[in-house]
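Between the sequences and the hints, there should be enough to build the whole structure, so can you do that?
In the order they appear, the protein sequences are chains U and Z.
When we follow my numbering, the leftmost residue of the first sequence carries the number 1, and every step to the right adds one.
When we follow my numbering, the leftmost residue of the second sequence carries the number 1, and every step to the right adds one.
Treat the hints as calculated values from the structure; they're not laboratory data.
Where is the CB? At the ideal position from N, CA and C, for every residue including glycine.
Please note that the accuracy of each hint is not assured.
Derived pair list, reagent style DMTMM-like, types lysine to aspartate or glutamate, alpha-carbon separation capped at 25 Å [claimed, not checked]:
hint	chain 1	residue 1	chain 2	residue 2
1	U	K81	Z	E189
2	Z	K209	U	D241
3	Z	K209	U	E130
4	U	K17	Z	D191
5	U	K261	U	D241
A partial selection of chain U residues facing chain Z, derived with a Cβ cut-off under 7 Å [unchecked claim]:
hint	residue
6	L64
7	R91
8	F98
9	D100
10	R108
11	I121
12	H154
13	D263
Label-pair ranges, simulated between beta-carbon atoms [unchecked claim]:
hint	chain 1	residue 1	chain 2	residue 2	range
14	Z	H297	U	E299	56 to 62 Å
15	Z	F149	U	K23	53 to 59 Å
16	U	T279	Z	I166	58 to 64 Å
17	Z	V221	U	G76	50 to 56 Å
18	Z	L133	U	P286	39 to 45 Å
19	Z	P247	U	R128	54 to 60 Å
20	U	E155	Z	I42	29 to 35 Å
21	U	K81	Z	T186	30 to 36 Å
22	U	S239	Z	V130	44 to 50 Å
23	Z	T186	U	N303	42 to 48 Å
24	Z	F149	U	A26	38 to 44 Å
25	Z	V130	U	K126	53 to 59 Å
26	U	K126	Z	V221	37 to 43 Å
27	Z	T103	U	E77	56 to 62 Å
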Amino acid sequence: MSERTNAQPLVKTVDLKKLFKLKGGALLHAVDGVNLEIYPAETLGVVGESGCGKSTLGRTILKLIEPTDGKIYFEGEDITKYSVRQMRHKRRDMQIIFQDPYACLDARMSVVDIIAEYMFIHHVYKSRAETYNRAAQLMDQVGLARRYANAYPHELDGGRRQRIGIARALSLGPKMIVCDEPVSALDVSIQAQILNLLMDLQDELGLAYMFVTHDLSVVKHISNNIMVMYLGRCVELCSADELFANPLHPYTDALLAAIPKPDISLRGKEQKLIRGEVTSPINVKPGCRFASRCPFCTEKCTNTDPEFVEVTPGHFVSCFKVNNK
Amino acid sequence: MENTTNTAAAVDNSEFSFKRASQAKEIWRRFRKSKGALIGLILLLIIVGVLLFAPLFISYDAAIESDFANVLAKPSKEHIFGMDGYGHDIFARIIYGGRTSLTIALIATVTSCLFGSALGAIAGYFGGWVDSLIMRSLDIFMSVPDILFTMAVVVALGANAVNLIIALTLAYFSNYVRLVRSQVLTLSEQDYVEAARAGGSGNARIILKHIIPNAIGVIIVNVTLNVAKIIIYESTLSFLNLGMPPPQPEWGMMLSEAREFMRPAPHLLIFPAAAIVLCACSVNLVGDGLRDALDPHLKS
Numbered sequence: 001m002s003e004r005t006n007a008q009p010l011v012k013t014v015d016l017k018k019l020f021k022l023k024g025g026a027l028l029h030a031v032d033g034v035n036l037e038i039y040p041a042e043t044l045g046v047v048g049e050s051g052c053g054k055s056t057l058g059r060t061i062l063k064l065i066e067p068t069d070g071k072i073y074f075e076g077e078d079i080t081k082y083s084v085r086q087m088r089h090k091r092r093d094m095q096i097i098f099q100d101p102y103a104c105l106d107a108r109m110s111v112v113d114i115i116a117e118y119m120f121i122h123h124v125y126k127s128r129a130e131t132y133n134r135a136a137q138l139m140d141q142v143g144l145a146r147r148y149a150n151a152y153p154h155e156l157d158g159g160r161r162q163r164i165g166i167a168r169a170l171s172l173g174p175k176m177i178v179c180d181e182p183v184s185a186l187d188v189s190i191q192a193q194i195l196n197l198l199m200d201l202q203d204e205l206g207l208a209y210m211f212v213t214h215d216l217s218v219v220k221h222i223s224n225n226i227m228v229m230y231l232g233r234c235v236e237l238c239s240a241d242e243l244f245a246n247p248l249h250p251y252t253d254a255l256l257a258a259i260p261k262p263d264i265s266l267r268g269k270e271q272k273l274i275r276g277e278v279t280s281p282i283n284v285k286p287g288c289r290f291a292s293r294c295p296f297c298t299e300k301c302t303n304t305d306p307e308f309v310e311v312t313p314g315h316f317v318s319c320f321k322v323n324n325k
Numbered sequence: 001m002e003n004t005t006n007t008a009a010a011v012d013n014s015e016f017s018f019k020r021a022s023q024a025k026e027i028w029r030r031f032r033k034s035k036g037a038l039i040g041l042i043l044l045l046i047i048v049g050v051l052l053f054a055p056l057f058i059s060y061d062a063a064i065e066s067d068f069a070n071v072l073a074k075p076s077k078e079h080i081f082g083m084d085g086y087g088h089d090i091f092a093r094i095i096y097g098g099r100t101s102l103t104i105a106l107i108a109t110v111t112s113c114l115f116g117s118a119l120g121a122i123a124g125y126f127g128g129w130v131d132s133l134i135m136r137s138l139d140i141f142m143s144v145p146d147i148l149f150t151m152a153v154v155v156a157l158g159a160n161a162v163n164l165i166i167a168l169t170l171a172y173f174s175n176y177v178r179l180v181r182s183q184v185l186t187l188s189e190q191d192y193v194e195a196a197r198a199g200g201s202g203n204a205r206i207i208l209k210h211i212i213p214n215a216i217g218v219i220i221v222n223v224t225l226n227v228a229k230i231i232i233y234e235s236t237l238s239f240l241n242l243g244m245p246p247p248q249p250e251w252g253m254m255l256s257e258a259r260e261f262m263r264p265a266p267h268l269l270i271f272p273a274a275a276i277v278l279c280a281c282s283v284n285l286v287g288d289g290l291r292d293a294l295d296p297h298l299k300s
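Have a look at this one:
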């Protein structure tokens, strides 16, 4: 995080919150005070288990979901209170790639129409021919043969469909793309292709990614920085190498321990796994979110929210055990 | 496989043309594949053709002038479908009646579909108080019996074609509101709608470009079923003297007039009923074919 030439973050959130109102007045804390920074041409990996609010976080940053509280800055500009109309212009700079390559494409539109859609919305080109031409170039760029231009999405496999989604996200020339688990619905062989494509595109176009995933091996491969989320909270944030070498938060530790290791000497040995279930994100009480499953839990952990502290330069953790050292 | 990508500069800039059939041609190509749909279309074209060019081979006078010598006459060479209780030629009445009945039924179907679908789409898409307002108003609306409502409209405005269309539209639009609303509720949760929003799509564009095209299959089926229903409903109105003023012929009215003579002269009932069935069948066949043709999943 230190050798960065570009000082200004592309995206920055300050204490971002998204609470969903449930029936009966209960509040679901999907995103609960997240601070993050994404720098140009870098990837921030966001990991966490299902339901920890990582997808909601991505969508809230794009303002596809209205944040409840906190601030979102894009290139230093506060876009938190932007209306739908104001956001339209920002859509050119911030895009999203979806998890499910089947549901995110309209089955009634041909491939080229799907890719060209955003350009038509923004009147990027004057004529239809120019727009389709650009769509064809995008197909080349994402490695999708032009012969599929008039096909319909259901005729293609998952990998090709995900390439359509990527081409569409690229069509407006964005600076940042939220990748919402873009490979988790794909075969392992195709996952690698798509990940390579995303990294190639990052090199070529200087894109910043916010890469949401639950797959630690994927996130290690692609990220500069990694943020670990637990129940809407960011528990640890540091560079990818640092996280794998020196995990500080007990939850991160447990996550890394859960990666299967192809090592015969470990056979028969008991693994340290976290026990219990995720506590409910509804009407969360104060205190560390991880307290109920944490082997190092103290009384303090169940009463007070741990602060998000920079332990070593660029390495942030919110845990009393670490902070008190 | 293809894991290398060209750099932006290296993308070839030559004119790229999509050899693409127009949307209409595509749909027609798929429509043609279904035999039933083609038969329905041909039937419908014949019916429309006959009704359209009726004045060339039979005069309107035959339909409204009484020939009391031939009251209830059986089908014969001069009167191929026979005569009715007032001595009108049934064939002529079916032809001219069809012109009014079908026109009214088709227009009322289209208007009720457009009006109902628009309301349903708005209610389903925007949700919240808009939804509540529309759906609760609809509940009030539907708590008044259809027939009473239609009667009120026709009595208040007078019985003529335009008012009948208004009355029928009001009687039938509520189906579409509920149908389209439920479709929209499901469809607007889809990822591709969110993708469109992420691309800067406005609500109108999302509804028109993504939601309606995906809901169209269900709507079309309902439309085709409604054409026949509306023809029958017209007969109910005629029965209550709220249809087209006599002696102007109309299929529904012919049916209700035929009731009295059902035993001695069944041909009074059979021919107009057959005409309604034929129309309903052809519209249904065309509707089914159209629904399949509009769905790219079924493209082989």
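Here is what the structure says about each hint:
In summary, the hint linking K81 of chain U to E189 of chain Z is supported, as the alpha carbons are separated by about 24 Å, within the 25 Å threshold. Restraint check: the Cα-Cα separation between K209 of chain Z and D241 of chain U comes to about 46 Å, which exceeds 25 Å; the hinted pair is violated. A distance of roughly 21 Å separates the Cα atoms of K209 of chain Z and E130 of chain U; the hinted pair therefore holds under the 25 Å criterion. Taken as a hint, the K17 of chain U and D191 of chain Z pair is honoured in the structure, with Cα atoms around 23 Å apart against an allowance of 25 Å.
With a C-alpha separation of about 18 Å, the suggested pair K261 of chain U and D241 of chain U falls inside the 25 Å cut-off, and the hint holds. For L64 of chain U, the interface hint holds, since its Cβ comes within 7 Å of a Cβ in chain Z; the closest pair sits about 6 Å apart. The closest approach between the C-beta of R91 of chain U and any C-beta of chain Z is roughly 4 Å, which is under the 7 Å cut-off, so the hint is satisfied. Here the hint on F98 of chain U is kept, as its CB sits about 5 Å from the closest CB of chain Z, short of 7 Å.
Contact between D100 of chain U and chain Z, as hinted, is supported at the beta carbon level, the nearest pair being about 6 Å apart and thus within 7 Å. The beta carbon of R108 of chain U is positioned within 7 Å of a beta carbon in chain Z (closest approach about 5 Å), and the interface hint is therefore held. For I121 of chain U, the interface hint holds, since its Cβ comes within 7 Å of a Cβ in chain Z; the closest pair sits about 5 Å apart. Interface restraint check for H154 of chain U: the shortest CB-CB distance to chain Z comes to about 6 Å, inside 7 Å, so the restraint holds.
Against a cut-off of 7 Å between C-beta atoms, the interface hint on D263 of chain U is violated, since the closest Cβ of chain Z lies about 30 Å away. For the hinted restraint 56 to 62 Å between H297 of chain Z and E299 of chain U, the CB-CB distance of approximately 59 Å keeps it satisfied. At about 36 Å, the CB distance of F149 of chain Z to K23 of chain U disagrees with the hint of 53 to 59 Å. Between T279 of chain U and I166 of chain Z, the C-beta spacing of about 59 Å keeps the proposed range 58 to 64 Å intact.
The supplied range of 50 to 56 Å is met by V221 of chain Z and G76 of chain U, whose beta-carbon atoms lie about 53 Å from each other. Checking the proposed 39 to 45 Å range against L133 of chain Z and P286 of chain U shows it holds: the Cβ atoms sit about 41 Å from each other. Checked against the given bound of 54 to 60 Å, the beta carbons of P247 of chain Z and R128 of chain U, roughly 56 Å apart, stay inside it. Between E155 of chain U and I42 of chain Z the beta carbons are some 31 Å apart, a value that agrees with the proposed interval 29 to 35 Å.
With their beta carbons about 31 Å apart, K81 of chain U and T186 of chain Z fall inside the hinted range of 30 to 36 Å. In this structure the supplied range 44 to 50 Å holds for S239 of chain U paired with V130 of chain Z, their Cβ-Cβ distance being about 48 Å. The hinted window of 42 to 48 Å between T186 of chain Z and N303 of chain U holds, with their beta carbons roughly 45 Å apart. Checked against the given bound of 38 to 44 Å, the beta carbons of F149 of chain Z and A26 of chain U, roughly 43 Å apart, stay inside it.
For V130 of chain Z and K126 of chain U, the hinted distance range of 53 to 59 Å is not satisfied, since their beta carbons lie about 36 Å from each other. For K126 of chain U and V221 of chain Z, the hinted distance range of 37 to 43 Å is satisfied, since their beta carbons lie about 40 Å from each other. Taking the beta carbon of each, T103 of chain Z and E77 of chain U are about 58 Å apart, inside 56 to 62 Å as hinted.
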